[in-house]
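The lines below spell out each chain.
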Amino acid sequence: MVLFQILVFPGVIFLAVFGMFMEFVDRKVYARLQNRVGPPWFQPFADFIKLLGKEELIPEQANFRMFKLMPLFSFTSVATSFLYIPVWGTHSLLSFNGDVIVVLYLLTLPTLAFFIGGWYSTSLYARIGSVRTLTQLFAYEVPLFMGILASALLADTWSISEITLFYSRHPWYWASNIIGFAVSLVALLGKLEKVPFDIPEAETEIVAGAFTEYGGRHLAFFRLTLDIEMVVGCSLMAAVFLPFGLGFGMVWGFLVYLLKILFIVMLLSLARTLFARLRIDQMIVFCWKYLAPVALIQLLVNLLLKGVLVQ
Amino acid sequence: MRPGRILRLVLQSFFKKPVTRNYPVVKIEMPQGFRGKLKFDPKKCVGCKMCMRDCPAGAITISKTADNKFMAEIDLARCIFCAQCVDSCMRKALEMTKEFELGALKKLDLTVVTKDDS
Amino acid sequence: MHDTHKFKIPVGPQHPSLKEPESFSVALRGEKILGIDIRLGYNHRGIEKACEERSYIQDLYLIERVCGICSHSHSTCFVQAVEEIAKVEVPQRALYIRTLIGELERIHSHFLWLGIAGHEIGFDTLLMYAWRDREIVMDLLAALSGNRVNYGINTIGGVRRDIKKEEIKEILKGMDTLEERTLYYIKIATEEVTMIKRLSGVGKLSKKEALRLGAVGPTARASGINRDVRKDDPYAAYAEVSFKVITDDHCDVYARAVVRLKELLESFSIIRQILEKMPEGPVAVKVPRKIPSGEAFSRYEAPRGEDVHYVKSNGSEMPERVKIRAPTLANVQAVKRMLEDRFLADLPIVVAAIDPCFSCTDRMVEIDQIDSGERRVLVWQELRDFSIEWHRKNGIDFSRLNKKLKLRK
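Chains as they are written, first to last, in my numbering: chain A, 1 to 311; chain B, 1001 to 1118; chain C, 2001 to 2409.
Derived by calculation from the structure, the hints in this document are not laboratory data. A couple of the hints might just be wrong.
Among the chain B residues that face chain C by a calculated CB cut under 8 Å, a handful are [what the hints assert, rightly or not]:
1) P1003
2) P1031
3) G1033
4) F1034
5) R1035
6) A1077
7) F1081
8) C1082
Predicted model, so just to flag it, every value in this text is computed and none were measured. All residues carry an ideal CB built from backbone N, CA and C; glycine is no exception.
Work the whole structure out from these sequences, hints included.
This is how it looks when you write it as structure tokens:
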């Protein structure tokens, strides 16, 4: 039973299919906002299957083992992190006190994998892209952590399941986390490398950044990682900031979960449409000058509230 | 300075029909005077070869088939669809149609031969 | 000490940011640009030589295809030169129609530029919307001239087609729609935060530098230089319409965007004036096939700047020499100066801001060595070394100047 849950639902296969479906939603909304038609529902699946069938060309000077290992490494780390996030109801597959930190770090591992993969590709574009990935990590990581941990602070626990349990018991407390939600959403744009923060993969500047030399099934898994990262990130947001409708049982609960994810993905697509890409130095300045102080404010608000409410 | 200045336009477009034309399911007709495929009328040709002289790409070749009857070989791969031959012809034997889907699988199909069979 | 952070990255000839092949070899330290080497010539097709083997009528279509976006500019410039040699009086109606198509081409080119600029900074939404609006102009041009690009409306002695009354109504309707949308895009370019961040302060070119490097067109006008061939040396019907020359003082990419957007508004006004004032009459005069010998030099304000054609004829049906100096050739020298001390992320937008059309640009430079009487082709680097060596031999002291002036092996 547990094997079924880990492998199929809500495990790897469900994540892959759901991730690709969410990529379709993202691309379709992006296209409709630009007055275009957009791809059909099976486009991400077709892309994945096509990439699996393509030839892989690995540069001669690249480190073969690292090159081939990184896609699988990043894929497994994001898939693992989903085990700790509650989908419907307030229980995730596995949980323990401190798993919000584990999930956040498991989400950092793909970024590291992109860096290593790009660096060991030895192509100039890939190196610039991979260095940009790490630089971007230094900018958005702190606001993202602070936003999520502020919500955890109010719930007085480090376990995501317990956080959702706390908020479902005290329904209106989630309103105190609105600032944190906004901050985390902007930082999530940075983690998922979407415009305005798609600097590591800037197509018009460095071809494809860290993915320049990747092709064939390695690229397929990298793209799948990005999709699953989007789903996992959005699920984390939904679990920590939008914890309502959790008492409905499996089918209705799943529907509520689907609606929450759709809402967050649509917000991400809207952000993709509205802005131009920032430069890396502008992004760091923005994150440290504006985003981190606002996250600090959220932390303060939650601390004060905690002091008041503990009574 | 406002972030997201394009928001209003973007949200309006979300609820409108997309502007994409569903070609090839929906085919739009080209405007009058569109310079598409060349059409040759062998009955009007007198064989002066002014079109051959003025063609920038050497796409049209007029040759004699019988007494006072001429045929034209138009190489669609060379034609640049400028319609200079239409202007140069004094008998109005050439005209441009609206056809623009001129792809072919064999190079030989791109040479259009028009002759008077009567 | 060996600096391991310095490396050279090739942007081009094939690169997603360049729409046409050009080689920019960028020396980087991290993200900072230390220097650029520009090499042209990847799109050279030998058009100038090909013109010498075709008659004037055939050359008309060949010259039109030098560039797809500014095709009418090249065609009109050439035709003006030939008409000057042949001393033909072109009818007024033909001049007005030429101006109309020229301004429609300017509109389509500037919308194309807006989309490309949006794409280079990652703002794909602007690309989609600008190119959607560009379709209105393309459909108008297709109805007027028979094709969406390479209009072929010029002939020696006038134009080939006339405009009908229904088409005039369509044009005016199109202008109204486009004007409303252009005003909206001006608001976006001047108020959207991310766009301002990416465009301002980038690619600065002071007025003195622009004059020294020979910048033309919107690139020069964005540095405050008031130069527009339509006003300085009016051709076609420009002497009879009133319009403003748009300049801006910011001297950076933001200024270039604003100059182009405001030029669009001027184009709408010019087209409305032309359609109102269009005189009746014939659209072409007959010009003999053999053009008398002579030479002429003609200028035209293409959407990218000043386009210069020189035609020399020798009394036969084919020209003896045709020389084309496209505006991008004058602007591309400025790119090196604009990108000093900037980031790699600025390179695509700075190159896009001069509105590069490398198809027009590629010509070869031949240096004639006067002493030995032999001719050889020098690459830019060799030319530079040669000139430094020559100046040193003649006693010029470089020690007070920039230390970068060293011979490179």
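Against the structure, the hints come out as follows:
1. P1003: Where the cut-off is 8 Å and the nearest Cβ of chain C is about 4 Å from P1003 of chain B, the hint holds.
2. P1031: 4 Å, holds
3. G1033: 5 Å, holds
4. F1034: 5 Å, holds
5. R1035: OK, holds: R1035 of chain B within 8 Å of chain C, min 4 Å.
6. A1077: Status violated, d = 16 Å.
7. F1081: 7 Å, holds
8. C1082: 5 Å, holds
When each numbered hint is compared with the structure, a violation occurs for hint 6 only.
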